[in-house]
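**Student:** So the chains spell out like this:
There are 2 protein chains.
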Amino acid sequence: MEQNVIRKALVTGGAGFLGSHLCRRLLAEGYEVTALDNLFTGTRTNIEDLLDNSRFSFVLHDVTRPFWGQFDEIYNLACPASPVHYQYRPIETMKTSVLGMMNMLELALKTKAKILHSSTSEVYGDPLVHPQVETYWGNVNTIGIRSCYDEGKRCAETLAADYRREYGVDVRMVRIFNTYGPSMHPKDGRVISNFIMQALNNEDITLFGDGLQTRSFQYCDDLTDAMRRYMELPREAVDAFCEKKGLGSPVINTGNPEEYTIKELAEETLRQLPESKSKLVYRPLPSDDPKRRKPDIAFAKELLGWEPKVSLQDGLAKTIEYFRKLGE
Amino acid sequence: MEQNVIRKALVTGGAGFLGSHLCRRLLAEGYEVTALDNLFTGTRTNIEDLLDNSRFSFVLHDVTRPFWGQFDEIYNLACPASPVHYQYRPIETMKTSVLGMMNMLELALKTKAKILHSSTSEVYGDPLVHPQVETYWGNVNTIGIRSCYDEGKRCAETLAADYRREYGVDVRMVRIFNTYGPSMHPKDGRVISNFIMQALNNEDITLFGDGLQTRSFQYCDDLTDAMRRYMELPREAVDAFCEKKGLGSPVINTGNPEEYTIKELAEETLRQLPESKSKLVYRPLPSDDPKRRKPDIAFAKELLGWEPKVSLQDGLAKTIEYFRKLGE
Chain D
1 MEQNVIRKAL VTGGAGFLGS HLCRRLLAEG YEVTALDNLF TGTRTNIEDL LDNSRFSFVL
61 HDVTRPFWGQ FDEIYNLACP ASPVHYQYRP IETMKTSVLG MMNMLELALK TKAKILHSST
121 SEVYGDPLVH PQVETYWGNV NTIGIRSCYD EGKRCAETLA ADYRREYGVD VRMVRIFNTY
181 GPSMHPKDGR VISNFIMQAL NNEDITLFGD GLQTRSFQYC DDLTDAMRRY MELPREAVDA
241 FCEKKGLGSP VINTGNPEEY TIKELAEETL RQLPESKSKL VYRPLPSDDP KRRKPDIAFA
301 KELLGWEPKV SLQDGLAKTI EYFRKLGE
Chain V
1001 MEQNVIRKAL VTGGAGFLGS HLCRRLLAEG YEVTALDNLF TGTRTNIEDL LDNSRFSFVL
1061 HDVTRPFWGQ FDEIYNLACP ASPVHYQYRP IETMKTSVLG MMNMLELALK TKAKILHSST
1121 SEVYGDPLVH PQVETYWGNV NTIGIRSCYD EGKRCAETLA ADYRREYGVD VRMVRIFNTY
1181 GPSMHPKDGR VISNFIMQAL NNEDITLFGD GLQTRSFQYC DDLTDAMRRY MELPREAVDA
1241 FCEKKGLGSP VINTGNPEEY TIKELAEETL RQLPESKSKL VYRPLPSDDP KRRKPDIAFA
1301 KELLGWEPKV SLQDGLAKTI EYFRKLGE
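Chains D and V supply the protein sequences, listed in that same order. By my numbering, the letter at position 64 of the first sequence is numbered 64, and the numbering carries on one by one without gaps. By my numbering, the letter at position 298 of the second sequence is numbered 1298, and the numbering carries on one by one without gaps.
Chain D extracted, bound-state conformation:
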């Protein structure tokens, strides 16, 4: 490709939390960006600031249906990612993962586009190995209430791996661990949005169990940075890395390995919102409480020269700012 030709990117789930950040980043780098979204969990608000940009297009489209167009790079991010959302529409969630992946792989194949697929730490399920390395196969229930997401995402990885092996499609996959930041859905039921919303509304901050269980939190900009580095690599470098590591297909963990207890997160939230009248309250641990997960990011460090840069303090400040404005 010549230097002065504008590169074209397609972002599925482009009006979602992560998708909208990626669109913004690609536009900043000079791309022409098309965002697809069915607006099930994505919102127009997330991309409002981009609609005036002549290099940006939004298409209301569901990826379970084929989509055609000529792009240099496809970023497949479409899928409800919060249990609150995907358990509300389990079959549609599975279809989004699986049919969406099929449609995007077919598009990549026919137009010779590179494709980055956003997989998830949920493919590791309730992991028996800590921290999780990419070569770990996971521990996932096929018939539970979380299975639509976990198995849909696992199946999408398999499809991507087979399109790469069979047709030579240039697929790259990231397994995204817990990520937060502005544009998160305020009611997605995850701990960071819960705590901030509770603190802003002067409601009790609910901790389950003793609050000493740990979590790791990746700020959204660190993730988009990893994605862009990954897509910039020449294919040969990606292939050589897989060969060297014995990986059947290029899958790389992206996440922040620094661990905090839920109690520390609650305390930091209140420290940043000193005007809040919220107090910490403790409730019994629910039976399906997400298990501890922590990424091993050695592969990302080696292949992408990447590691997370945004501290929880800084990332939380930006996220609180976003939620505060949302409430105004």
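Since the hints were derived computationally from the structure, they do not count as laboratory data. Note that beta-carbon positions come from the ideal geometry of N, C-alpha and C, so glycine has one too. Be aware that one or more of the hints could be misleading.
[Unchecked claim] Computed footprint of chain D on chain V, listed as stretches where at least three residues anywhere in the stretch have a Cβ under 8 Å from a Cβ of chain D:
#, stretch
1, 1087-1096
2, 1247-1256
[Stated by the list, open to error] Below, computed lysine-lysine pairings styled on BS3-like, alpha-carbon distance capped at 30 Å:
#, chain 1, residue 1, chain 2, residue 2
3, V, K1095, D, K110
4, V, K1263, V, K1245
5, D, K95, V, K1095
6, D, K95, V, K1112
7, V, K1244, V, K1263
8, D, K301, D, K187
9, D, K95, V, K1245
10, D, K95, V, K1187
11, V, K1244, V, K1279
Given the coordinates of chain D, work out where chain V should sit on it, guided by the hints.
**Tutor:** What follows is chain V alone, placed relative to chain D:
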């Protein structure tokens, strides 16, 4: 349903190894049977004896496309099941599992049919628990060369579980362990067909490693018997069983837990073919040799009042007879 109304069954993969046996069994019980098959691994030969039966119809159809019709019971058996076949067409294999399941669940939903889905012991992958119980989540690679089959089948289970939970579809699933018998594909690359073909052709019988690794073998008629018992159960009994066992959806192992070494199988094959000039030869174990699997069938015993009845000696005799005629 009134006693004297003919019950209608749909069998996907009806011209395949297991599907054709099931069609035969259903016809013997008085059903009207429609067999769907795309003839990728199924053959007309498998159902030749049924074509004259006025209660039998064969439709050349690929289950990745929707199919409509009114049936009381759907048996979803369509999918290449031997590594030789599914690794030749990995993407189509995945589509058969996933899209085929979606299409059949939609059919079951719209016509209020019961549906039995044939899952597989491969959902346990390379199991870390022996013998395998239905509550074990498995150990499966998402991006390897066997993943198209394993993950496709896992994903189909998830879909079935969600259609049951969300729409109340009356789904029942069997996880089928290694099964053999007449109508097996002579070149499917599995150990029983390999040994018989080698013995009949006076070729060396190839054992990998020391031949002391064990396998369990279920005769096809035992499996169709389990399937029929399962489908005859009232829905309430199935639901109550799931509740009692803490199963998210009705999945039952069917297989023969009796274990034989590969060497014992080779010796029994030669004992039944005394005229064969074949000798046992030993080769190094390949890296992707299927791991040991043995079903725990306590659930099937309790729910279905079922256990395998056909001995390896008897089943092998019938299978040898079939392969012998095939060669004539």
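**Student:** Checking each numbered hint in turn, tell me which of them this model violates, lowest number first.
**Tutor:** 4, 7, 8, 10 and 11
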